[in-house]
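Q: Since chain A is already given, all that's left is putting chain B with the ligand on it; use the hints.
Listed here are the chains, written in short residue letters.
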Amino acid sequence: MDVAIIGIGIHPFGRTEGVTGLEQGVHAAREALKDVGLDWNDMEFAYGGSSAAGNADSMVSKLGLTGLQFINVSNGCATGGSALQSAYMAIQSGMFDIGMAVGFDKHPRGAFTVNPEASGLGKWYGDIGMALTPQFFGMKIQRYMHEYDISEDTLIRVAVKNFRNGAKNPNAWRRNGFSYDDVAQSQMVCHPLRKYMFCSPAEGGCAMILCRADKAKQFTSNPVFLKAVAVKTRQFGSFEVFSQSQALERAPAPTVQASTAAFEMAGIGPEDIDVAQLQDTESGAEIMHMAENGFCADGDQEKWLHEGYTEIDGKLPVNTDGGCLANGEPVGASGLRQVYEICLQLRGEAGERQVPNSPKTGYTHVYGAPGLSGVTIMAA
Amino acid sequence: MRSIADQIPIADGLFTWPSNDPRLLGSKCADCGVVTFPAQSGCPACCGEDTEAIELERKGKLWTWTIQGFLPNRPPYEGPETPETFKPFGVGYVELPNQVRVETRIQTEDIAKLRIGMEMDLVVEKFIERDGKDIIAYFFRPADES
Ligand SMILES: [Zn+2]
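Line by line, the protein sequences give chains A and B.
Counting in the working numbering, the first sequence runs from 4 upward without gaps.
Counting in the working numbering, the second sequence runs from 2 upward without gaps.
Because the hints were derived from the structure by calculation, they are not lab data.
When the alpha-carbon atoms are kept at most 16 Å apart in a straight line, the in silico EDC-like pairs for lysine to aspartate or glutamate are as follows:
#, chain 1, residue 1, chain 2, residue 2
1, A, Lys143, A, Glu155
2, A, Lys126, B, Glu79
3, B, Lys60, B, Glu146
4, A, Lys126, B, Asp13
5, B, Lys29, B, Glu56
6, B, Lys114, B, Glu146
7, A, Lys306, A, Asp156
8, A, Lys65, A, Glu26
9, A, Lys143, B, Glu96
Now the stretches of chain A that chain B is said to cover, found in silico as 3 or more residues with beta-carbon under 8 Å:
#, region
10, 117 to 126
11, 138 to 149
12, 239 to 251
We treat Cβ as the ideally placed atom computed from N, Cα and C, and that holds for glycine.
Next comes chain A alone, as it looks inside the complex:
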């Protein structure tokens, strides 16, 4: 049973004073229903989640107490992707015909605060100042730059590109398009990563309506088909956030596993993808994820960024909506934001940032603590 995305909705990302995370989720859900012309009553099920803004299932008191099956999803940075995968499986199993995946969040300003004990780590790890995700990102790209000869120039180019794309996205948070010098001269946060190479915790909501592919045309003339959905967790030897020690032998990252599984499921390869959204928690992540997802060889990113291959008019546009860098990171919503952007691109509705020549296939990828990755492949 193939699965189609027939309705999409978003609440603008960034900071919205006076509106709770949950209300942003409700807004996104209503926008998705409006997009396809359906009512909340028509939904047979929903999967939803946030990491810091409450239980998604309490949305029903605002959307309507219809008695539907609503299951909360909590899976770190892959919460949105996991909600989507759960919805996909619910339809693919034949149990339901139509339902919703929704994610939202609202985080306080400043760096994410981590409770090491909740992640199975000793309290000392936080006491001493090592339970900080930016350190991991700094250390992973530091090693990668050393092994594959990636320059700081490439790190800067990624950030500048994403902010430039974000300036063309009315739902993005940072729309002022930081220049090369803005990024290059911003404060060093965790060497080699600077302030404007990092995304910030933020707010936002996103929702999708999914149905059996064979019924999609009843509801819309422009369905987007989910060709593959895969979520994988880390295996022994991969270099992950919050690892107090690492094995001497490296194993592939969970992104490699998820990407390989997704391409196998879709029956296509990286060269067949027309537009991609890759997790860019910071510039280094986008660089490493280009290779981990199979789009280029390790080290080729230097050339790719220099030649503009990942620009909107390049051979593989990456993070056309500005990515996490320009949208910020509401953990529960980010994965679905990526899917929302791919749907717009495949429907030809991305406005100023539309990828030329009617893209037919799209790809999304999230990565998060404590080492998990979610990939989807979509086709028009």
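A: Chain B with the ligand only, in chain A's frame:
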């Protein structure tokens, strides 16, 4: 210098203490030989349950590093700095030969000299003072500063 009785490890079981030559404590899997730090009861590589505690090497090479450029949030951070006195500090992974890579804070007089591959030595020393006692922790330091 306080007496050893007034020096309390930041956590039990991280390193040998009291000791004049402290070592980090890891565990080694009886089935596959994989070493982890800190010591743990199960093996993350082969899922075996038979591990033994071992002392880790005190010298190694810096495998990767970063510099923590801002004062970490409290909680959980318990370091002694204020926003005024905070100085960026090094964090990295030190590869201990034939054992494991250990994540560590780096003590150095010159943060600008950190390089992948540099020789590093284990040090166990005071991190903070609490209730009149020194809380001690492990760090690595460039070998040329030892
Ligand atoms: Zn083992």
